[in-house]
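With chain R's structure known, arrange chain Y on it following the hints.
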Amino acid sequence: MTALTLLLACPIVGALLLAGLGHTRIGAEVNIAASAATTACALWLAAKVAADGSLLAYGELFYIDSLNMFLVTLTAFVGLTTSIFSRPYMRIERDHGRMTPLTMRVYHAAYQLFLAMMLFALTTNNLGALWVAMEAATLCTVLLVSVYRTAAALEAAWKYFILCGVGIAQALFGTLLLYLAADRLIGGGEGALLWTHLEAVKTQLEPTILSLAFVFLLIGYGTKTGLVPVHHWLPDAHAEGPTPISAVLSGLLLNVALYAILRCKVLADGALGNGLPGRAMVVFGLVSVLLAAFLLHRQRDIKRLFAYSSIEHMGLITFAFGLGGPIANFGGLLHMTMHSLTKSAIFFAVGHAAQKAGTQVMDEIRGLLQISPTVGWGLMLGSLAILGMPPFGVFASEFLILTSAMRQLPWAAPLLLLALAVAFAAVLARVQPMVFGETTVKRLPHPPALIPVFTHLGLGLLLGLFIPPFLANWYARAATLLGG
Amino acid sequence: MIALLTQAINLFAAILLILAFAMITQRRILNLVHLFTAQGLTLVAATLDVGYLTAQHSLYVSAAFAFALKVVVLPTLLHRLTDRLQVRFDVEPLLNTPVTMLIGILLVAFAFDLASPIAALSASIARATLGIALASVLLSFLMMITRAKAVPQVIGFLSMENSLFFAATAATNGMPMLVELGIALDALMAFLIGGVFMFQIREQFDSLDIRHLERLREE
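The listed protein sequences derive, respectively, from chains R and Y. Take my numbering: the last position of the first sequence gets the number 1904, and nothing is skipped along the way. Take my numbering: the last position of the second sequence gets the number 227, and nothing is skipped along the way.
No wet-lab data here; the hints were simulated from the structure. Treat the hints with care, as some may be off.
Unchecked claim - In the DMTMM-like style, the derived pairs of lysine to aspartate or glutamate whose C-alpha atoms are separated by at most 25 Å in a straight line are: (1) Y:K157 with Y:E211; (2) R:K1579 with Y:D214; (3) R:K1468 with R:E1480; (4) R:K1468 with R:E1449; (5) Y:K157 with Y:D91; (6) R:K1579 with Y:D121; (7) R:K1579 with Y:D217; (8) Y:K157 with Y:D121; (9) R:K1468 with R:E1619.
Said to hold, decoys possible - Rough simulated footprint, nothing fancy, chain Y against chain R, three-plus residues with beta-carbon under 8 Å: (10) 1482 to 1492; (11) 1538 to 1552; (12) 1577 to 1583; (13) 1666 to 1672; (14) 1738 to 1751.
Unchecked claim - If you only want the chain Y side, here are some residues facing chain R, beta carbon under 8 Å, derived: (15) A22; (16) I126; (17) A136; (18) F165; (19) L172; (20) T180; (21) V187; (22) G190; (23) I191; (24) G203; (25) F205; (26) Q208; (27) Q212.
Cβ atoms here follow ideal geometry from the backbone N, Cα and C, with glycine treated the same way.
Excised from the complex, chain R in its bound form:
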């Protein structure tokens, strides 16, 4: 319980501190320190949950089990590495005159508040509070996307604000219907929105209400996950915001939204018992994978390229959870982890590459290896990892998802393979000339932070070669929890 309190308190205290001194010389260091303290608390909490099993705290307001614990740890860890990457990156942006003292303060404070809201959304047991935290996290990222205050950044942020506002309102209506169903069964009040209570009575929830509720929840939170056809905000927000924000949007926020869908799917599955929620997720996932893969070819902006790749991977994960069953769920959870680590590593490398070249247009970035071998190799290895080359971890999770697709849904497997092949060709054809060949890029005033890139890629490689038994057990438990 202390660990949980500290986990949520660290980023909030960090946000308050940074609202005052985010623009000073030590702003970035305070940001790193707050994120490091959060990560330490997350590890402490993970150790306790691993030892004692799932945990309820503060009058059942918080609930930690194997499903959200690994996401909490992942969120805190990627939050830390991103804050390390952000230190030199934002310093260079400030030297280029793109950040003012005021926007630096907003940036740092909103970053910590965003982490706090995601951690709150992941740990809360109350589905209404989950919605409130998701909306608050969205608003923080709207501020973060608009932080450069250029015309394009404002446009992206406004689009994000309106589209996600509409999307998340549907999720609220879904939550309301869920409350209505529970109200009939276990009476009103706080208890009727607590996931643990709902899970206990899930087979008796009214199927008519639950099916409509799940549709609203899937579309609502699906907007935040970036599922086609409600994905339009995602590429713009990734391309026009600062690169550390692209990394946490792709690596963390999309996962948290998908986590909300998963919690609701467990309830809907229990009430309906006909696999309808799973089938809906399979369709949404498959359409997202296919459309995003084909749109990859048409991108010219490097951050938009990897934003579409995020849509593709979130689609793949949604597809896996839609299939259900222990193996597909295991693959989905593993892929969530791998995609987070790899995609944020890619964005770190992309950020420095774009700063060196002074542009995000891919045709104007050439020969990164000549001027900075570490950034070049980071981008190349990261791209190979995300495309599913062995021995990186993405290969393992995609292999699991594909084999279970062949067993459970044979017609979908060739479509998935086609999308993966198309994505492979599109991304590699773009990345290869950027890394090799004659250079056009220049040196940077501050040394780039490359430790985060290679830490993430190293972890991805490690998990691809060998998943430690305790982690495998953890995923397996979470996979059973999600059911079929």
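Chain Y in isolation, oriented as in the chain R frame:
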């Protein structure tokens, strides 16, 4: 008396639906703010009514909060915003008025159809109004889609939040207090961020016409 008050809930619901239609067709921004205030007042009255009929005192508290936020604070801020930004009229909406109205009617029919099986299962005294609440949510979406300026879009956003609040009262006699407070806080935060954006957008484009925001396209 009780029968009269039960009937009054349906009356308030009907007023909300009429206000939603008035909002999608209203082009003067000042009138839009007045309509939004009226919507807030109706909401407060409906909440008090349901609270009295079901003897739920928590609903009085949430009605008080709704009054402070939706009738006093937000309309005052909206008036200041329109004064400072000097916006009076919306430009021609992206769809003309008769077409918008027709789409609105279709949305209402759709919402009633969707809500009727659910409403039959609800234990709330106001369950017949769930269809109207859903219809108002959809009409607010329509307003956000068809308007070309930033201020009406934000009013659409706030009116959608009002409709969801009404849906919560109608279907389940209100969400738990903690959740309702959180939602209100989020709405206020969203409004403040939207307001700040409007100043920045005007500074960038010398206009609040969001049709300027069309540079980023799907490629």
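Hint check:
1. Y:K157 with Y:E211: The hint holds at about 15 Å.
2. R:K1579 with Y:D214: Holds. K1579 of chain R to D214 of chain Y sits at ~18 Å (cutoff 25 Å).
3. R:K1468 with R:E1480: 17 Å, holds
4. R:K1468 with R:E1449: Measuring from Cα to Cα gives roughly 29 Å; hence the hint is violated.
5. Y:K157 with Y:D91: Holds. K157 of chain Y to D91 of chain Y sits at ~15 Å (cutoff 25 Å).
6. R:K1579 with Y:D121: At roughly 31 Å apart (the allowed maximum being 25 Å), D121 of chain Y and K1579 of chain R break the hint.
7. R:K1579 with Y:D217: 13 Å, holds
8. Y:K157 with Y:D121: 32 Å, violated
9. R:K1468 with R:E1619: 23 Å, holds
10. 1482 to 1492: Violated, because only 0 residues of the segment 1482 to 1492 of chain R bring their Cβ atoms closer than 8 Å to Cβ atoms of chain Y.
11. 1538 to 1552: holds (count 5)
12. 1577 to 1583: holds (count 5)
13. 1666 to 1672: The restraint on the segment 1666 to 1672 of chain R is violated, since only 0 of its residues have a Cβ under 8 Å from chain Y and three are required.
14. 1738 to 1751: Coverage by chain Y is violated here, the residue count being 0 at a Cβ distance below 8 Å.
15. A22: Violated - the Cβ of A22 of chain Y stays beyond 8 Å from chain R, reaching only about 21 Å at its closest.
16. I126: Holds, about 6 Å.
17. A136: 14 Å, violated
18. F165: 5 Å, holds
19. L172: 6 Å, holds
20. T180: At about 5 Å, which falls below the 8 Å cut-off, the nearest Cβ of chain R leaves the hint on T180 of chain Y intact, so it holds.
21. V187: 3 Å, holds
22. G190: Result: holds, 3 Å to nearest chain R Cβ.
23. I191: Status holds, d = 6 Å.
24. G203: 12 Å, violated
25. F205: This interface hint holds because 6 Å falls under the 8 Å limit.
26. Q208: 6 Å, holds
27. Q212: 5 Å, holds
Checked against the numbered hints above, the structure breaks hints 4, 6, 8, 10, 13, 14, 15, 17 and 24 and satisfies the rest.
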